[in-house]
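Engineer: Okay, here's what each chain looks like letter by letter:
Protein chains: 2
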Amino acid sequence: MKQSILFSKTRKEVSAESESINHQLLVRGGFVNQLMSGVYTYLPMGFKVLKKIENIVREEMEEIGGQEILMPALQPKENWEITGRWDTMDDLFKFTSFYSKTDLAIGPTHEEVITPLAKHQIFSYKDLPKYIFQIQTKFRDEERAKSGLLRGREFLMKDLYSFNTSEKELDDYYDGMIKVYNKIYKQIGIADKTYLTFAPGGTFSKYSHEFQTETPAGEDIIYLCKKCKVAINKEIIDEQKVCPECESSDLKEIKSIEVGNIFKLKTKFSQSFNLTYTDKNGKSHLIQMGCYGLGISRLMGTIVEVCHDERGIIWPKEVAPFDIHLISISEDEKSNKIYEILKKEGFDVLFDDREESAGSKFKDADLIGIPTRIVISSKLAKDKKVEIKKRSESDPEIINEEDLIKYLKRS
Amino acid sequence: MKQSILFSKTRKEVSAESESINHQLLVRGGFVNQLMSGVYTYLPMGFKVLKKIENIVREEMEEIGGQEILMPALQPKENWEITGRWDTMDDLFKFTSFYSKTDLAIGPTHEEVITPLAKHQIFSYKDLPKYIFQIQTKFRDEERAKSGLLRGREFLMKDLYSFNTSEKELDDYYDGMIKVYNKIYKQIGIADKTYLTFAPGGTFSKYSHEFQTETPAGEDIIYLCKKCKVAINKEIIDEQKVCPECESSDLKEIKSIEVGNIFKLKTKFSQSFNLTYTDKNGKSHLIQMGCYGLGISRLMGTIVEVCHDERGIIWPKEVAPFDIHLISISEDEKSNKIYEILKKEGFDVLFDDREESAGSKFKDADLIGIPTRIVISSKLAKDKKVEIKKRSESDPEIINEEDLIKYLKRS
Chain A
38 MKQSILFSKT RKEVSAESES INHQLLVRGG FVNQLMSGVY TYLPMGFKVL
88 KKIENIVREE MEEIGGQEIL MPALQPKENW EITGRWDTMD DLFKFTSFYS
138 KTDLAIGPTH EEVITPLAKH QIFSYKDLPK YIFQIQTKFR DEERAKSGLL
188 RGREFLMKDL YSFNTSEKEL DDYYDGMIKV YNKIYKQIGI ADKTYLTFAP
238 GGTFSKYSHE FQTETPAGED IIYLCKKCKV AINKEIIDEQ KVCPECESSD
288 LKEIKSIEVG NIFKLKTKFS QSFNLTYTDK NGKSHLIQMG CYGLGISRLM
338 GTIVEVCHDE RGIIWPKEVA PFDIHLISIS EDEKSNKIYE ILKKEGFDVL
388 FDDREESAGS KFKDADLIGI PTRIVISSKL AKDKKVEIKK RSESDPEIIN
438 EEDLIKYLKR S
Chain B
38 MKQSILFSKT RKEVSAESES INHQLLVRGG FVNQLMSGVY TYLPMGFKVL
88 KKIENIVREE MEEIGGQEIL MPALQPKENW EITGRWDTMD DLFKFTSFYS
138 KTDLAIGPTH EEVITPLAKH QIFSYKDLPK YIFQIQTKFR DEERAKSGLL
188 RGREFLMKDL YSFNTSEKEL DDYYDGMIKV YNKIYKQIGI ADKTYLTFAP
238 GGTFSKYSHE FQTETPAGED IIYLCKKCKV AINKEIIDEQ KVCPECESSD
288 LKEIKSIEVG NIFKLKTKFS QSFNLTYTDK NGKSHLIQMG CYGLGISRLM
338 GTIVEVCHDE RGIIWPKEVA PFDIHLISIS EDEKSNKIYE ILKKEGFDVL
388 FDDREESAGS KFKDADLIGI PTRIVISSKL AKDKKVEIKK RSESDPEIIN
438 EEDLIKYLKR S
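These protein sequence lines are chains A and B, in that order.
Heads up: the first sequence begins at 38 in the working numbering, then just goes up one per residue.
Heads up: the second sequence begins at 38 in the working numbering, then just goes up one per residue.
Treat the hints as calculated values from the structure; they're not laboratory data.
Incorrect hints may appear among the rest.
Copies of the same chain look alike in the list, so a pair counts if it works inside one copy or between any two.
As the list claims (entries may be wrong) - Distance condition first, Cα-Cα at most 20 Å in a straight line; then the derived PhoX-like pairs of lysine-lysine:
id, residue 1, residue 2
1, Lys167, Lys263
2, Lys175, Lys131
3, Lys114, Lys131
4, Lys46, Lys163
5, Lys216, Lys443
6, Lys416, Lys371
7, Lys230, Lys354
8, Lys371, Lys419
9, Lys163, Lys89
10, Lys183, Lys138
11, Lys156, Lys46
12, Lys305, Lys167
Computed from a predicted model, the values in this text were never measured in an experiment.
Can you make the complete structure from the sequences, with help from the hints?
Structural biologist: Right, here's the structure in full:
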């Protein structure tokens, strides 16, 4: 894509109220635009990153047996009264339809939709197990929506719900999901700083698990076990001064952001909605449920918090908006030729064909953070050379123009 | 996918209140589940159809220069006060945030977001033209949400907004979009019954255009010109008794559903938000805007209204949930082998491996409406034959097992 026609401009400054790094860099880089506190528009490059994360997550969910559906944001009050959460959930956006006079919510989660829905699809043990997920926009009336994409009032989320006949089956699927989540964090480049974390389990389970990414921008406090690299959320450290995984008490307090949360619901919701199955002998049982959340837009913000330097974002390859940032320094004809060749070879290229100074183009390239930068200048072109530089490294390389494709395919 | 593990079951009956054909067939076929009036969950097969329509539309929008973004559903009251629509738009869901005490809406349209957003991205004539679209969930407090997916309170929509320097440029893009819309309706199989329709233009334009699909389920009345096959919406027929396209007055009244609406906004919204650009001489002008809507979920409902018979849905190939419905009649081992071969050859197959009677499987196949049905029965297997039938045709063919792939690739 030519940068001159891209519907997003880099910006030198953002308003003073923007305290978080991900907000600053994403707004300045032209990835998002803030409509109001905690509510963002994803501009073309931000949309591309979001879709890349979404597709990585989708593929892994399908791999672990997930079937994708799409549930509505609008939810009726009655369902929330059945679970008793209509009045207890503070951050639920609630309102009344002018025409139907019914009370509605826009959903921050979907247990109140998926559980009654499953009653239409699951009847006997033959219909189990089932693993159902969606990637969908959620809403939360956040008290403090001030951390860019980390804590939004509107956000994109993957939520998967598991339905099993037994606790043993639920446990096995849950353990499998821990592995899958770790695989996702590895693919998107934050695995080194992301820790499985023991968290409160609610009324039905001893523990739930979070995945927490270490960052000064995080609003959570966790205690990381230096021995096994598993963490404990502050909310349970008071009861328990050792890591449940390895019994070690050598813990380090760190700030972190929750990038995933998995929960054994067991029969909490199947009981509320009387979601049952019949076994081989025709006997009825409550279904064992689990839920597995992962914030897609929050992950985008977290990646920026973890992967940046003082000049801008350093996108991990798998989620970068483009593969290559091609920069023309007064060599538009030659650059255009190379742009066409790169596209033909299958690379996704942002081509800076704007009438800007070299310095300004380099500054923007660092801010935007595409993994590989290629510079075509008159001086280099004379010797049939191009400059190539990784965003994550400090020094460029000068290579022969004719070796460019081979070089890119190797790296 | 094996039908035995699919998270959607066909249903024999739906509740009496469901008057529309698309609701009945989509619920009975296991494509959607109604949460409340005008609000649906898309089950795995419904989700697949929705995504196929979405991808056809996305490709065409990119082809005509569209850049994809994602705007929020939550919108602040202030923006709607600037355009004067906060109090005049009846179907706007409005509410107050408990924490921030601010008034919010969830958007039925996005002029109030995209116009101020464009002020951050468009400054001079060099930044124009721009064509920006999204495929996003919209909300409308509908008085009568009773036509299945045709009139929802929550629905998926594509909306593109054009930004041009001159009316001439806007006119040209608008004319190009008419061609693109017709191409989309052709691809999804409803072109024969879909007519370009003159509709009221509002304060700024003489006409807008709708695309109306003829169906008894439609709640609109249009007058179709028998000569040029262009229609006029009832709302303007009273002023004008001839077709504006060909001046003919030989018109036929038909019922229809609006499946697209394009509108020259001209400077209506750029004036409200003072969205301007500077020309070559540094002089400032208001930007010419257009908007181009297309309901993705409504299209899904419309396809069902147009493409069905008394036994069920007849999906057009391009939007069908699967390519092939493979049915095993007590020949599970052989069917499974053929299922694996079909998948390997790149076909998307729904394999009915359930323990059901042949009659019940055939009934479900007709209801679900996958374009090609293949039956493997003991009787046929003995002679190394398979039965193949198009959903749109009445008679099956018996062919040699070994000719199956060749046959499918040819058809």
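Engineer: Which earlier hints can't be squared with this structure?
Structural biologist: When the structure is compared with the hints, numbers 1, 5 and 9 turn out to be violated.
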